[in-house]
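In the order they appear, the protein sequences are chains A and B.
For the first sequence, our numbering gives the first residue as 1, with consecutive numbering after it.
For the second sequence, our numbering gives the first residue as 1001, with consecutive numbering after it.
Please keep in mind that the hints were generated in silico from the structure rather than gathered at the bench.
Beta carbons: idealized from backbone N, C-alpha and C, even for Gly.
Any given hint might turn out to be false.
Unchecked claim - Derived coverage of chain B by chain A (criterion: at least 3 residues anywhere in the stretch with Cβ under 8 Å from a Cβ of chain A; other residues may be distant):
| hint | stretch |
| --- | --- |
| 1 | 1081–1093 |
| 2 | 1149–1160 |
| 3 | 1187–1198 |
Stated by the list, open to error - Sample of chain B residues lacking proximity to chain A, with all beta carbon distances greater than 10 Å (derived):
| hint | residue |
| --- | --- |
| 4 | G1216 |
| 5 | I1251 |
| 6 | T1319 |
| 7 | G1332 |
Unchecked claim - Label pairs and their in silico Cβ distance ranges:
| hint | chain 1 | residue 1 | chain 2 | residue 2 | range |
| --- | --- | --- | --- | --- | --- |
| 8 | B | E1314 | A | M117 | 39 to 47 Å |
| 9 | A | A121 | B | E1232 | 54 to 62 Å |
| 10 | B | T1099 | A | D9 | 30 to 38 Å |
| 11 | A | N95 | B | V1145 | 29 to 37 Å |
| 12 | B | L1059 | A | M53 | 54 to 62 Å |
| 13 | A | M117 | B | E1321 | 21 to 29 Å |
| 14 | B | P1269 | A | A121 | 51 to 59 Å |
| 15 | A | N95 | B | M1126 | 17 to 25 Å |
| 16 | A | A28 | B | T1099 | 24 to 32 Å |
| 17 | A | T47 | B | G1063 | 26 to 34 Å |
| 18 | A | A121 | B | E1321 | 51 to 59 Å |
| 19 | A | A68 | B | D1073 | 35 to 43 Å |
| 20 | B | P1268 | A | E33 | 36 to 44 Å |
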Amino acid sequence: MTVFVCLDDRGGMLFNHRRQSRDREQIADMWREVGTRRLLCAPYSQTLFAEGMRQPIFDEDFLSHAEAEDCCFVENKLLSSYVSSIDTLYVYKWNRTYPRDTILDIPLPGDFRLTEMVELAGYSHEMITRERYER
Amino acid sequence: MKRRTTIWLSLLLVLCMLFTTGCIEELGPFGDLPGTEDQTPGGNHDNHTPIPPADPSELRNPGANPNPVDPADLPAYSGDAYVAVRGNMPDFASNELVTTSFEYYSPLDALGRCGYTVACIGRDLMPTEDRGSIGSVKPSGWQTVKYDIVDGKYLYNRCHLIGFQLTGENANRENLITGTRYLNIDGMLDFENMVADYIKETGNHVLYRVTPIFVGNELVARGVEIEAYSVEDGGEGICFHVYSYNVQPGIVIDYANGNSALSGEELPPVNGDEEGGTGDSEEDVRDYVLNTNTEKFHYPTCSSVADMSAENREDYTGTREALIEAGYDPCGRCKP
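Excised from the complex, chain A in its bound form:
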């Protein structure tokens, strides 16, 4: 499966159970990368997908239910248990530091190799870096 995550400069994902940051341009870019595939995510992510927009499949246990060709947007889930199922990992970097008490739990590059790095202008972030890692 393909997984998308967002990180700050220190690998942080959450603080006090809340995402560190959000940006509508990151969501739009993710949809472009998803293409015609399915996108699954937790109900927690629902506020990022405005009404009228294309909607992902919301499922609390989405990582267990995802199939090989699916895409998963991960904000608040353990990933290390699923690392063997991940073929491609997209990391969006905010290029900022935020408070954090939860960080990505898989090492990068680890068993992956960095195959692409793209900079994109955010809506509320000056510049977001998208990195693609493939097994």
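Following the hints, complete the assembly by docking chain B onto the known chain A.
Positioned in the frame of chain A, the structure of chain B alone reads:
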């Protein structure tokens, strides 16, 4: 007394003595994180508990934190720039959840120290120009001192209580404290970034209150208490309550006056104290009358005191040195 719902009171009572450390947890189920499970908007919990909104007719701008932290009740600094306090839930009351932007900066006290600052921050308060110079402000306890082990060399920064990127305040002396580089960057900037980017993205408002925590008559704050809550979404986007330590790893600080030394070395004596002691002797402590407008201090018997307007007068008991360090000048008539 502020009106709070039973739910909010119960939450505070349960959480008031809980502290979660700022240490890094690897990503795991939310239930693994101590002290804050009940606020999770996602994950294994469904009980994000927002501050319940009050009747709109009862809304008023928030004031001071009703119960600021006491550093003595907090864990000593142990490597994390901040600790979550009170379950990471801010102490805003239901009737303080306003959605109209405002900002408030407390007047300096008799020692020239900042008090609490609070704002309801929206896009309209955020700066549209680059930051200006703040070098003209000398916050209480200010010293210009450099160490090789400090990023940028300078131990002390003029720390905005409410960061410039949030309300665009430049040389506002009611918003600047003497803070270490570590406090400024590791203890405060990350929170300001989180709030600023959330507001830019959503257009929502965030209640944001920063309370510098001084002990006794000390001129340098021991730390700052930061509370934030996103109003329109009931804290789903922004909700935290932390205490950030005004420390610098590898350096010891005398909070009474801002003196400092490398860890393991002796702190320099208090400025002007030939004996080299750091305490105030009993004979140094006496009564003075301050004119908070002219920033002069007088003996209570000085003839100038009778001419002083009541709103500018403040009685003070302490040392002459502390007043001078706070920026007060002795009266030229009574020569205290």
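Each hint tested on the structure:
no. : hint                         : verdict
1   : 1081–1093                    : holds (count 3)
2   : 1149–1160                    : violated (count 0)
3   : 1187–1198                    : holds (count 7)
4   : G1216                        : holds, 30 Å
5   : I1251                        : holds, 22 Å
6   : T1319                        : holds, 39 Å
7   : G1332                        : holds, 50 Å
8   : B/E1314 x A/M117: 39 to 47 Å : violated, 60 Å
9   : A/A121 x B/E1232: 54 to 62 Å : violated, 26 Å
10  : B/T1099 x A/D9: 30 to 38 Å   : holds, 32 Å
11  : A/N95 x B/V1145: 29 to 37 Å  : holds, 32 Å
12  : B/L1059 x A/M53: 54 to 62 Å  : violated, 33 Å
13  : A/M117 x B/E1321: 21 to 29 Å : violated, 58 Å
14  : B/P1269 x A/A121: 51 to 59 Å : holds, 55 Å
15  : A/N95 x B/M1126: 17 to 25 Å  : holds, 19 Å
16  : A/A28 x B/T1099: 24 to 32 Å  : holds, 28 Å
17  : A/T47 x B/G1063: 26 to 34 Å  : holds, 31 Å
18  : A/A121 x B/E1321: 51 to 59 Å : holds, 54 Å
19  : A/A68 x B/D1073: 35 to 43 Å  : violated, 53 Å
20  : B/P1268 x A/E33: 36 to 44 Å  : violated, 59 Å
Checked against the numbered hints given earlier, the structure breaks hints 2, 8, 9, 12, 13, 19 and 20 and satisfies all the rest.
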